[in-house]
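Visitor: Here is how the chains run, residue by residue.
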Amino acid sequence: MTATREIVTDQRDQFAFHDDIAYLAETKRGLTRATVEEISGFKNEPDWMLQYRLRAYEHFLKRPMPTWTDGLDKIDFDKIVYYRKPSEREEKSWDDVPDQIKATFERLGIPEAERKFLAGVGAQYDSEVVYHSVKEELTKLGVVFMGTDQALIEYPDIFRKHFGTVVPAEDNKFSALNAAVWSGGSFVYVPKGVEVPLPLQAYFRINGENTGQFERTLIVVDEGAKVHYIEGCTAPIYATESLHVAVVEVVALPGSKVRYTTIQNWSNDVYNLVTKRAHAYENSTVEWIDANTGSRKTVKFPAIYLRGEGATADIISVAVAGKGQHQDTGAKAVHLAPNTRSRIVSKSVSKDGGRATYRGQLKVSPGATNVVASVRCDALMLDDISRSDTYPYIDIQEDDTSMTHEATVGKVSAEQVFYLMSRGLTENEATNLIVQGFLEVFTKELPMEYAIEFNRLVKLEMEGSLG
Amino acid sequence: MTVASARPRPARQGPTDLTFAFDEAIVEAAAAGEPDWLAGDRRAAFARFLVLPIESNQLYTTYVDLRNATLANAVPYERARGAGSAPVGPTEPDHGTAGTASFRENRIEIMALDAAAIAAGVTLEPLGALIDREPETAERLLIASAALPDDDRLAQLTRAGWNQGVVLRVPPGVHLKQPIVLRWAVGAPDRALLTRTLVELGDGAVATILEELLPTGDEVADRQNLFTGTMEVTLGRDAKLSVSSLQELSSSTVAFQHRHASVGEGSTLHWAVAQLGSRLVRSRVDNVLAGDRSSVEQVEIVFGSDDQVFDLTSYTRHIGRDTTGNLLSKGALMDKARSYMKGMIVIDRSAVGTDSFLGEFGMNLSKATRSVAIPSLEIDQPDCRRAAHASAVGPIDEGQLFYLESRGIPPDEARKFIVLGFLEPVVARVPLEEAQDRLRERLDAKWDAGSGVGSGGTAAA
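Order-wise, the sequence lines are chains A and B.
The opening position of the first sequence corresponds to residue 1 in my numbering, with each subsequent residue numbered one higher.
The opening position of the second sequence corresponds to residue 1001 in my numbering, with each subsequent residue numbered one higher.
Some hints here could point you the wrong way.
[As the list claims (entries may be wrong)] With a cut-off of at most 16 angstroms between alpha-carbon atoms, the simulated EDC-like pairs for lysine to aspartate or glutamate come out as follows:
{"no.": "1", "chain 1": "A", "residue 1": "43", "chain 2": "A", "residue 2": "154"}
{"no.": "2", "chain 1": "A", "residue 1": "323", "chain 2": "B", "residue 2": "1380"}
{"no.": "3", "chain 1": "B", "residue 1": "1367", "chain 2": "A", "residue 2": "400"}
{"no.": "4", "chain 1": "B", "residue 1": "1336", "chain 2": "A", "residue 2": "395"}
{"no.": "5", "chain 1": "A", "residue 1": "411", "chain 2": "B", "residue 2": "1380"}
{"no.": "6", "chain 1": "B", "residue 1": "1367", "chain 2": "B", "residue 2": "1307"}
{"no.": "7", "chain 1": "B", "residue 1": "1336", "chain 2": "A", "residue 2": "400"}
{"no.": "8", "chain 1": "B", "residue 1": "1177", "chain 2": "B", "residue 2": "1380"}
None of these hints come from the bench; they were simulated from the model.
Next comes chain B alone, as it looks inside the complex (with noise of 0.2 angstroms):
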C-alpha cells in the first residue's frame, strides 16, 4: 500500500530454493571448443538441471534445507582445458603417496606419481588432459558409465559445468602399497568450483585413496564459495578400493558431493568419510553392488558445530548374488547443527544371499541440535543372510562418563574421550598416519571451539 522503502526486499529464500545463479550460457562457455559427445552431454545434463527438483526422491522432500547456502554472487571458474596451467608446487608426489594431485582453487599445485606407479602402468592425470590425449577413454568413463544419477538435480549441475576434473586409472593387477592424495583446496569468495572425479579399477588391481578437502584461508565470511565435487568409481572383478574423504572446508563454502560406485565381480569396496567442515554440505553416496560377491563398507561420521547443516543421503542398491552391504553413519551434533542422515538399501530380486546392515547413530550435544535418521530398506528377494537395520540417538552414556570420571578423568575430559570415541570408527581407517594424526587433531580442535559443549549451553557463538 504504502511506497516506503526504496530498496526492493530480497526475496525469502525457502529451503528448496538453489541460489547459484547456474545458466545456460555458463554451460555453452565451458562446452565450448568441446568434442560433440561432451558438449552434448553437457546440454543433457542442463536440460534435466533445469527439469529436476532438488530432492526427487518424495521419501525425503521434506527434510531438504539449502538456506545456509547464499550462493547468489558465485562466479564459476572457466573450464580447465588440457593439462591445465603447469603445476606450480613440486614435481614429486607427496612423501609416503604414490600419487598426488593436489588443486587449488581452479590451478594444479601437484600432479604427480612415484617412479613405481608410472612404472606399472597407473596413469593420474587432470580431466582435460585425458580428454585430449585418449578421447574413447573419457568418453566411455564420462558418458558410458553413467554415474551421476539422472534424478538428481545437483549431480547434474555438476554434469552439465564442471570446469576442473582429475583421473586416476589403475590397471590390472596392480596393488598400490601407498595411497594415492586427492586434494582440493577451496575458499576464494563468491567462485565456483565444479569438479569431477574419476576413478577406475582394472580386474585385480588393489588401491588406497585419501581424498582432502580443505580450506585456503581466503574465505571472507558474507561472501560464500561453492565446491562441488563427485567420485565416480569403476571396480572390476576382484579388484579392492579404499577411500578416505576428510572435509575440512570453511564455513563460507558450500559443498555438494557427489559419490557413485560401480562395484564388479568380488571386489570390494570401503568408504571412510569425515565431515567436519562447510556450512552446508549435501551428499550422496551411490553403491552399485552388481557383481556377485561384490562387497561395500561405508562409514561416515558427521562433526557439526554453529549453524551448520549436513545433508547426507546413501543408496546401495544389491543386484549380483551373495553381496555384502555394512553402512554406518555416525553423527555427533554441537551447537545448532543439524544432520539428515537419509540410507536407503535396495534389495532386487536378482541379489540372493544378500547380507546388508545400515546403522545410522547419533548423539546430540546441545539442545538446539537436530538429527534426523531415515535409514530405509525396499527389498524383492526374501532369500538373505541379513536385511536389517539399526538405529539410535542418545546423550552421552552416564555409565562411561561415570567409568572414566572414576579413573580420575575430569568430566569435560571424559565428555571429550566418549564423544572422540564415537566417532573414531572412521578416524582408524584414514590411510596416513600424519592424515590421521591430522584428523584427530581438528576433531579436538573442533570439539573445544564448540560453544556450551560440556558446560551444559552457557557460551552460545
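So that you can see chain A by itself, here it is in the shape it has in the complex (with noise of 0.2 angstroms):
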C-alpha cells in the first residue's frame, strides 16, 4: 500500500510551528496563591473576581484528582505557566496586529475565512485575545463580541450576573483550576429578539511550550434571539506536555436558539480538559456540534441542562482517536422540565492504538413529564490494536418518559473497500471516504469551508493508517 501514501499527502507541519515571541507579562511556572493574585493584578480586576479566584483555588486543592478516567496524574501541574500576555492591548483592526503573531495567523488560514463568511474574529493568541473585529452591523444590533477579560471591564452587570452560574467553580477540579486562573476566552451578548445573521467566530491556539491555556467563554443569548458560534483550535506539536483547561459556559433565555460548533485540534501533547455546559430556558433550543481529532487525552462532555419547559437539546459529538491518543468524550442532557426533548448522536473512530470513549447521561428529573429523548452512538475501530469503550447512563425517574438508546462498534467492512477500489480509489482513498462517510451527521452540521477543514483534518489523521 506505500504506493497510495502520496495521494494523501502529510500536511501536519502546516501546524507544526512554533514562532518566538516576547511575552509582555508572564507568570512563573507553578500553581500559588500568589499566582492567582498576580494574574488577578495584571489584568486589574475588581475585587470580587479575585476573590472569586482565591475561593476557587483553594477548592481546586482540596478536589482529588479524578480516577474515573485513566493518565490524568501525569499531568504535572508544576511545570506548567499559568499566564502570558503576548501583547499590550486588545487589537481593534488586523492591520495592528503584530507582523510575527499575523504570520501566525495567516498559516492558519484566518484571514481568508474572515473575508469570506465570518461576522466577527476573536482571536486568542495564548493567554489574551489579541484581535477582534466585530462588523459594524452586529455592533449596531447590540450584539456584545470581545474578550471575556474586557467583558468583565465593560459589562460588569450582565457578566456579573451569569459568570459562573452554569459552571460554578466548585463543578470539578478542573472547573475549580480554571476559574482561578482563567484568562481570555470569548464573551458574547445577544440582546432580545436579534438574530445574528452568521458565525461568531473565534480561533484558539495553544503557543509556547507548557504555556497553560485557561480561557473561559460566556454566551448570553437574550429572548428569542439567535446566535451560532464557532471555536476551533490547532497548536504547535511539542513533546512535552501541555494543558488546556477551558470553561463554556451559555445561557440560553426563553425562545433563543444557540448553536455551538467546536473542532478541537490540540497537537498530541495536550491535554484538553474541558467543562461545556448550558442552560436551556423556556422553548429555548441549544445545539453542541463537538468535533475532536486532536490532542493527547480530552476529557469533554458537553452538556445541555434543560431547564425550561419546551426547551430542545441537541448534542453531535465526534471523535478521532490515533496513536496514543484517548478521547474521552460524549454528551449529557439533563431534563428538569416538562415536554423538553434531547437528542444525543456520537461516532467516534479508533485506529493505530488509540482509544475512544464515550461516556453519556441522560437524566429525566423528577416533574420534568413528558420527555422525549435519543441516544445513538456508533464507533468505528480501523484496526486491532485500537480499543472503543461505550458508557451511557440513563437515570429516568418520570413515568411517561420516551427513551431509546442504541449504540453499535464495528469496523470498515471489506465490502465496501473492496466496491470503492473496484471503482478505482486505492485502499487508502477507500477508507478515507468511508470514514468521511461515518462523521457525515457532524460534517453536514457545518458551514462549507469548516466542512472542508474538517474533512482535511480527518484526511490527515487517516494518513498513513493503512501502512
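Hints are included, so try docking the two chains, each in its own frame, into the full complex.
Guide: Written out as C-alpha cells, the structure is:
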C-alpha cells in the first residue's frame, strides 16, 4: 500500500510551528496563591473576581484528582505557566496585529476565512485576546462579542449576573482550576430578538511550550435571539505536556436558539480538559456540535440542562483517536422541565492504538414530564490494536418518558472497501471516504469552509493508518 | 452545645454503608475445624472484604444505595458441617424433578435425586458433605475455579463467611431430562444465611436448574434478615445448562447474589432470572465465555413495588473465538421502586467473530419510580459479527392499550396484560409448568397489590 501514500499528503507541518514571541508579562511556572493574585493584578480586576479566583484555587487544592479516567495523574501542575500576555492591548483591526503573530494566523488561514464568511473574529493567541473585530452591523444590532477579560470591565452587570452560574467553580477539579486562573476566551451577548446572521468565530491556539490555556467563554443569548458560535483550535507540536483547561458557559434564555460548534485539533501532547455546559430555558434550543481529533487526551462532555418547559437539546459529538490518543468524550442531557426534548448522536473512530470512549448521561428528573429523548452512539475501529468503550448512563425518574438508546461498534466493511476499489480508488482513499461518510452526520452541520477543513483534518489523521 | 437528648441518635446511614456486622470472630467460628486450605481461603476473603469498597467499578460508584438494608442485628447461622442435619422432609425429589435440594433457613429439608440421576452418576449434596467426602474436588471447585470476583466486597463476604451450601455435579455425557430444583426458604428475623451453590457439568452434559428463593412466613417487618447466595457454574465442552431463578423473598429480606459462569468450548448457558421480592437486591452475574463458540443467553426481569431497590450488574467477557452473548434485562416499576441495571460487555482482542447484544428496557409505571440503565461496551477486537446495545424506557404503549380496549378489554386489565406481557420472556423460560404458573400468579398478585397502578397513583401505600 506504500504506493498510495502520496495521494494523501501529510499536511501536518502546516500546524507544527512555534514562533518566538516576546511575552510582555508572564507568571512563573507552577501554581500558588501568589500566582492567582498576580494574574488578577495583571488584569486590574475588580476585587470580587480576585476573591472568586482565590476561593476556586482553594477548592482546586482540596479536590482529589479524578481517577475514573486514566492518565490525569501524569499532569505536572508545577511545570505549567498559567498566564502569558503576548501583546499590550486589544487590537482593533487586522493591520494593527503584530507581524509575527499575524504570520502565525496567516498559516492557519484566518484572514481568508474572515473575508469570506465570518461575522467576527476573536483570535486567542496564548492567553490573551489579541485580535477582535465585530462587523459594524453587529455592533449596531447591539451584539457584544469581545474577550472575556474586556467584558468583565465593560459589561460588569451582565457579566456578573451570569458568570459561574452554569459551571460553578466547585463543579469539578478542572472547573475550579479554570476559575482560579482563567484568562481570555470569548464573551457573547445577543440582545432580545436579535438574530445574528452569520456565525461568530473565535480561533484558539496554544503557543509556547507548557503554556496552559485557561480560557473562559460566556455566551448569553437573550429572549428570542439566535446565534451560531464557532471555535476551532490548533497548536504547535511539542514533546512535553501542555494543558488546556477551559470552561464554556451558555445561557439560552426563553425562546432563543444557540448553536456552538467546536473543532478541536490540539497537538498530540495537549491534555484537553474542558467543562462545557448550557442552560436552556423555556422553548429555547441549544445545539453543541463538537468534534475532537487532536490532543493527547481529551475529557469533554458537552452538557445541556433543560431548565425551561419546551426546551430542546441537540448534541452531535465526534471523536477520532489515533496513536497515543485517548478521546474520552460524549454528551449529557439533563431534563429538569416538562415537554423537553433531547437528541444525542455520537460517532467515534479509533485507530493505530488509539482509544475512543463515549461517556454520556441522560437524566430525566422528577417533574420533567412528557420527555422525549434519544441517544445513538456508533464506533468504528480501524484495527485490532485500538480500543473503543461505550459508557452511557440513563437515569429516568418519570413515568411518561420516551427514551431510546442504541449503540454499535464495528469495523470498516471489506465489501465497501472492495466496491470502492473496484471503482478505481486506492485502499487508503476508499477507507478515507468510508470514514468521512461515517462522520457525515457531523460534517453536514458545519458551514462549508469548516466542513472542508474538517474533512482535511480527518484525511490528515487517516494518513498512513493503512501502512 | 446542649445536652438535650439522653439517647444517642444512631449515625445516619450513608448509601454505601453496609450495616451488617461482619467481623473476624464470625469468620473464625466458620473456619474452626476446617481443612487449612478452606480456613485460609476464608481469611484471605475476609482480608479482601476489609479493604474493598462496596463498589469497586468506578463507572458505578454513584449508583449504590444500601440504605434499605438495616442489618445491624442480623446474626449469621453456625456453619453447617458434614451432611448437616438429616433431611426432615421427603426422601424423594419433588414430583417432576430429577433432583431436589430444599433448605429452610440453614436446615436441609430435602436432598434427593431420582433413581435415573443416581444411576447416571449425578451428585447433589450439601457443600459440607463434599468437603468431608472428597476434599480435593471441593478444593478444586471452591478455590481453583476462583469464581467469586476478587474485587467485589459482597462476594468476598460470602466467600469468607458462608455457612451453608450445595453442590450439583453432572458427569460427562449425562442428559438430565427433568430439572433439578434448588430451593432456599429464608426469613427468620435478625438472621443471616450465607450460602454457596456450586454447579459443574462435564463435557457434553445437559441439565436444567430451577432455583427458588422463597419467604417462610416467619418474617418480622422491622427485623430484617440477610440472604446471600452464589451460583458458581463450570461448564466443560459442549455442555448445555439452563438456569431459571425465581426470587420471591419477603420485603424484610435483603439479598446479595453472585452468579459466575465459566463457559467451555461449544457450551451454552441460559439464565432466566425473575426478581420480584426482597427489600434490597444487589446482584452480580459474571459470564466468562472462555471457550471457542461458547454462548450465553441471559434474560432478567424485575417487577418492583413499594420502596424496593434492585441493583443488578452483569459482566460478560468474550475471550474465545466466535462466542455469542445475548443479554436482555427488563424492568417494570411501581410505587417508589428503583432499579439500577448495569451491564458490561467486554470483548478481548482474542475474541474474533464475537456476536454480542445487550438490551436494557424499563417501564416506569408510577411517577416516583426510578430506572437507571448503564449498558456499556469495552471493545479491543473490531472483527465482530455484532457488538451492540440498546436501551429504552417508556410508558405503556398507547397503541397497544387502544388495541386491547378496542377488543373489549377494560383499561385496567389491558394495562395489566401489557405489563405482564413485557415480563413474559422470562416466564416462558421457567422449566416446570407448576413453577411457571406460580410465577404468573405472583406477577398477577403483585400487579393487583401495587398501589396506584392503573389509577394514576391515587392510593399510596
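Visitor: Each of the hints needs a verdict: does it hold here or not?
Guide: Tested hints:
1. A:43 x A:154: Answer holds: residue 43 (chain A) to residue 154 (chain A) is near 13 angstroms, not above 16 angstroms.
2. A:323 x B:1380: Judged against 16 angstroms, a Cα distance of about 15 angstroms means the pair holds.
3. B:1367 x A:400: 8 angstroms, holds
4. B:1336 x A:395: 15 angstroms, holds
5. A:411 x B:1380: 11 angstroms, holds
6. B:1367 x B:1307: 13 angstroms, holds
7. B:1336 x A:400: Between residue 1336 (chain B) and residue 400 (chain A) the Cα gap is close to 15 angstroms, so the pair holds against 16 angstroms.
8. B:1177 x B:1380: 40 angstroms, violated
Of the numbered hints given earlier, the model fails hint 8 alone.
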